[in-house]
Amino acid sequence: MAAPSLEPARPATLRLAFSPDIASAREVSVAIRNFLAEQGVAEKELFSYELCIAEASNNAVEYAEGPCRKLKPIAEALFTPTQIELRVTDHTAGFDLMEKIPPPPPMTDRGRGLFLIQSVMDEVRYLRGTNENILVMRKKRRTARTAVAAAGHDPGNPPSLEASHRLLAEIRVKMARMSDELLLRSETLASVFRCCAELGHIDTNTEIFEGKLLVDLLHLTSADWYVLRTLSPDGRKLQVAAASEPDLVSDPIDLPAAGGRPVGIEATVASSQTPTRFDIRESIDLSEPLRAVGPVGAGHVCPLCFGGTLVGTIAVGRRNGDFPLGRLQDEVIWAFAEFLAIQALSHRRKKTEVHSRVVARELEIARDIQHLLLPRALPQLPGFGLVGGWQSAREVGGDFYDAIALEGESLLLMIADVMGKGVPAALFATTMRGLLRGLAERSSDPSQLLSGLNRLLYKELSSVAMFITAQIVLVDLQARQLTAASAGHCPPIFIPAGRRRASTLPIRGLPLGVMPHTAYPHQTARMGSPAALLLYTDGLTDTRNSAGITYGQQRLNEWMQEQTIPGRSAMELRDRLASDLNLFRGDAEMDDDQAFLLLTEDQDGSAKRPFAAPHHFKLRHSPALFPLSS
Amino acid sequence: MKIESNGDSLCVSEIQELTAVTSASFRDGVGYAINATTSVIEIDLAQTRFMDSSGLGALFALYRATSKRDGLVLRLLNPVPEIEQLLELTQMQQLFEIVRR
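These protein sequence lines map, in sequence, to chains X and L. Each residue of the first sequence is one higher than the one before, counting from 11 in my numbering. Each residue of the second sequence is one higher than the one before, counting from 567 in my numbering.
The set of hints was computed from the structure by calculation and includes no laboratory data. Accuracy of the hints is not assured; some may be wrong.
[Unchecked claim] List time: in silico DMTMM-like cross-link candidates among lysine to aspartate or glutamate, alpha-carbon distance up to 25 Å:
(1) X:360 / X:348
(2) X:149 / L:648
(3) X:110 / L:650
(4) X:150 / L:650
(5) X:54 / L:583
(6) X:54 / L:570
(7) X:110 / L:663
(8) X:149 / X:37
(9) X:149 / L:654
Quick caveat, the model's predicted, so the values are computed rather than measured.
The shape of chain X in the complex, shown without the other chains (with noise of 0.2 Å):
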């Protein structure tokens, strides 16, 4: 940036942080008294304002208690051409101001400091806050031309030499600071500018441009360092997203709940949305994460929001505390804190926008893939009838069935629930549906199936962190016999021999993709007559109401016991199923996706008709793994 050509106009501020003593508090106002005679204010006003800065401040000193006396409290003197500002920040109890101090007897001993600070400036309040105060006085001063007006000129003459150059040397300061002032808008607006039209690029790295916007700000507001923080996902975190050199990179800031006290200059920035300045000698938390700028560093800390929703924060400043502060400077910051507020919320809706389309088309997909998956048509054995139910939840899920019909009047009977939604879950219920085709033409055992099936999916299961549970019942329909091995998958409902009792078989085993070699057991059982059962998912089970109960085993029992009974076809069991669930689950969401596979007698079983299966396939499996009889 070049230099402005009149004299430079930073802003006439002068804030100094002192020791909490009294010889201090005395440096400070000879400090300020200085500052204010480099502003050109008259020796016969100087004294006025060194007075007040001497009483706020030993005030801030004397009347500091406990812990606080080790807080630094701070003068500050802001200078403009026609007002006198004075600031004393303390860190003491306080005291009520009276709106009007009146003199105090010539015969007292104390009580004169605030009366003197009353007299000599137009305006005084104090401000207070926890621990923190602070005492704004304030002076009008006479503008050059009521100066030169005051001074005995008729504005229809012309004025002395000397008020003329007076005149001139102020107005010169003035444009000076006009200039500045204008450069600097100019400059923040030309750098707005250049990052929109790269914005605008395709390629654009959001990235490479929140740097070189930043570099733009170090520049404009002669700070050094900058630390940019966004707001983590779940918004419970500020992060570092960028930072001037890697030092000033710390770990993630915890913002607090609703209610809770915020830790930190930047927590505190972002949960009040309230900019603010500071000074890292005035902080006594030593785990202040911006302690990293140095033990002097100082700067601005502003919020990054728009419209009310918070981004992040930006803080800027100097290591060496030299940071101008500044109106001016307090403005360009914010401008910049408000682009790169609208810039990250406008690249977050587009990358909101990218990922809903992703999603969806992923959905889409997914269900295609799981409507392949559920076979066309069951297996259809005389005597006997296999229906499948499945309703799916809001998002695709990896429950799937499979039926194979095998010689000698058999069935493997197949459902698998993989764990997770979506794409991987459906790849995954495809890999295994085809695996066990493959496998079930070398064996029909399902303990020696759930142990294939283990091994040649368990690298990629455990790669991903996914896992699958399943079952698979081997059913001989002319005994009536089951066997089953269980891989953590529901156990199986059938009505036993000789019993009207539902009753499931308990079978253990680890889901596939949990441990590379597993061994699964399986039981036997034999079906009473008619013959039911019923292979299902957790969905069935964990069926919730509005009321939070759920379906539950002992009512999914109940109903097998209940509604299988001679004359109802499979289909009708399963509308009947279908139905029961959703009356069950009234008006309350689908949590999970529901498969079942449903096996009955079509007659009372006293009638046996011949068997032929419509997927045939030849068994080469060993009769000692098949201890079934007939």
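We have chain X already, so just place chain L on it with the hints.
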């Protein structure tokens, strides 16, 4: 700060400033210099460029310590206009004899 004792008169001069920092030494210094024969105390403020309420408090303490002694005169010499205004503003000019030489 310079304290000169000349018989029954005591003159305190070369006071650069009378503030919270210097008021205690001023009070103690002058307090030690006063003796039983002191009848005139002159505080020369000609070089005093700055005074705050603590400085005023130190002058008031001196007034209180000496007011009980009959006949003892306490004078403030040559205050600069700003300090004279300060004394007027706080009505403390009523307590002292202010003299210009």
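(message) For a C-alpha distance cap of 25 Å, please report whether residue 54 (chain X) and residue 570 (chain L) respect it.
(response) violated (31 Å)
(message) Would the hint linking residue 110 (chain X) and residue 650 (chain L) be met if the CA-CA limit is 25 Å?
(response) The given pair, whose Cα atoms are some 23 Å apart, holds under the 25 Å limit.
(message) Given the hinted pair residue 360 (chain X) and residue 348 (chain X), is their Cα-Cα distance within 25 Å?
(response) holds (18 Å)
(message) Given the hinted pair residue 110 (chain X) and residue 663 (chain L), is their Cα-Cα distance within 25 Å?
(response) Distance of about 30 Å is beyond 25 Å: violated.
(message) Holds or violated: residue 149 (chain X) and residue 37 (chain X), Cα atoms, limit 25 Å.
(response) holds (22 Å)
(message) Check whether the Cα positions of residue 149 (chain X) and residue 654 (chain L) lie no farther apart than 25 Å.
(response) At roughly 21 Å apart (the allowed maximum being 25 Å), residue 654 (chain L) and residue 149 (chain X) satisfy the hint.
(message) What's the verdict on residue 54 (chain X) and residue 583 (chain L), does the C-alpha distance respect the 25 Å limit or exceed it?
(response) Judged against 25 Å, a Cα distance of about 16 Å means the pair holds.
(message) Between the alpha carbons of residue 149 (chain X) and residue 648 (chain L), is the straight-line distance 25 Å or under?
(response) holds (17 Å)
(request) Could you grab the alpha-carbon distance between residue 150 (chain X) and residue 650 (chain L) and see if it respects the 25 Å cut-off? (result) holds (23 Å)
Checked against the numbered hints above, the structure violates hints 6, 7; every other hint is satisfied.
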